[in-house]
Amino acid sequence: MTTITLVAKPVSQIKLNPGSVVTITNVTWQEFEKILQELGEHRSTRVAYSKETLQIMLPLPEHELPRDLISDIVKTLLKATGRKYQPFGSTTFKRQGAAGVEPDACFYLQNYQGMIGRRRLQANDPPPDLAIETDVTSKTTLDAYEIIGVPELWVYDSGRFTIYLLADGKYVESDTSPNFPEMAIAQIIPTIVERAWQVGSLQALEELEATLK
3 MTTITLVAKP
13 VSQIKLNPGS
23 VVTITNVTWQ
33 EFEKILQELG
43 EHRSTRVAYS
53 KETLQIMLPL
63 PEHELPRDLI
73 SDIVKTLLKA
83 TGRKYQPFGS
93 TTFKRQGAAG
103 VEPDACFYLQ
113 NYQGMIGRRR
123 LQANDPPPDL
133 AIETDVTSKT
143 TLDAYEIIGV
153 PELWVYDSGR
163 FTIYLLADGK
173 YVESDTSPNF
183 PEMAIAQIIP
193 TIVERAWQVG
203 SLQALEELEA
213 TLK
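To convert, take the position in the sequence shown, counting from 1, and add 2; that gives this note's numbering.
It is worth saying that the hints were derived from the structure and are not from the lab.
Yeah, the Cβ is synthetic: ideal placement off N, Cα and C, and Gly gets one too.
Some hints could be false.
What the hints assert, rightly or not - Cut-off 30 Å, straight-line C-alpha distance, at most; resulting in silico cross-link-like pairs (DSS-like, lysine-lysine): (1) K36 to K215; (2) K215 to K53; (3) K141 to K77; (4) K172 to K36; (5) K17 to K215; (6) K53 to K77; (7) K215 to K81; (8) K172 to K77; (9) K36 to K77; (10) K215 to K141; (11) K141 to K172; (12) K17 to K86; (13) K36 to K53; (14) K172 to K86; (15) K17 to K172.
To be verified - Pair ranges (Cβ atoms, derived): (16) N126 to E208: 37 to 43 Å; (17) S22 to A100: 22 to 28 Å; (18) L18 to S160: 29 to 35 Å; (19) P20 to E54: 24 to 30 Å; (20) D177 to V201: 25 to 31 Å; (21) E54 to L204: 40 to 46 Å; (22) L204 to G171: 36 to 42 Å.
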């Protein structure tokens, strides 16, 4: 009879290639919390956790331009419409014992006032009103956002842009954004991102600002 000896290694020693994903099943909430502590806050990887499945992802290099640009587009649109907001970057959002996820960017809009000055999330804080993911988003990631209760999620993946709205606890695709009801967001985002690859992010944003005046 052959005896199999399991070898335990710290998760932080996992080496990922850009664009790759490691999936670990049967992860308890306590294990997830320990893994977050081990990975630390200053890292290039992103994590998503739901239904005892943990995914650790390392974005592709071309993920960086859309990530930053879409966040800047949101700020430009909010400024043009005179709306206040509080950005929360790629903060780790959790639903105790159930899910955890790190958006590429996120914004508090309706709930911005209560989040001003917040250095650490508190247990009773609401989820962000809008979260943004670029690159490939897996089912585990979508499940985590659903459990946490983010009402609107934008996903940009290789030129394809999708708006997800939370309805009865599940995401449905939408052609419009409730946060920008008067704007053709589904056309604006991919157009500006593609334009940025051609002329640079600064000029693409300046051209957007010019159209909003």
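A quick look at each hint next to the structure:
no.	hint	verdict
1	K36 to K215	violated (49 Å)
2	K215 to K53	violated (46 Å)
3	K141 to K77	holds (28 Å)
4	K172 to K36	holds (28 Å)
5	K17 to K215	violated (47 Å)
6	K53 to K77	violated (33 Å)
7	K215 to K81	holds (11 Å)
8	K172 to K77	holds (27 Å)
9	K36 to K77	violated (34 Å)
10	K215 to K141	violated (39 Å)
11	K141 to K172	holds (12 Å)
12	K17 to K86	violated (40 Å)
13	K36 to K53	holds (17 Å)
14	K172 to K86	holds (28 Å)
15	K17 to K172	violated (33 Å)
16	N126 to E208: 37 to 43 Å	holds (41 Å)
17	S22 to A100: 22 to 28 Å	holds (26 Å)
18	L18 to S160: 29 to 35 Å	violated (19 Å)
19	P20 to E54: 24 to 30 Å	holds (27 Å)
20	D177 to V201: 25 to 31 Å	holds (27 Å)
21	E54 to L204: 40 to 46 Å	holds (44 Å)
22	L204 to G171: 36 to 42 Å	holds (40 Å)
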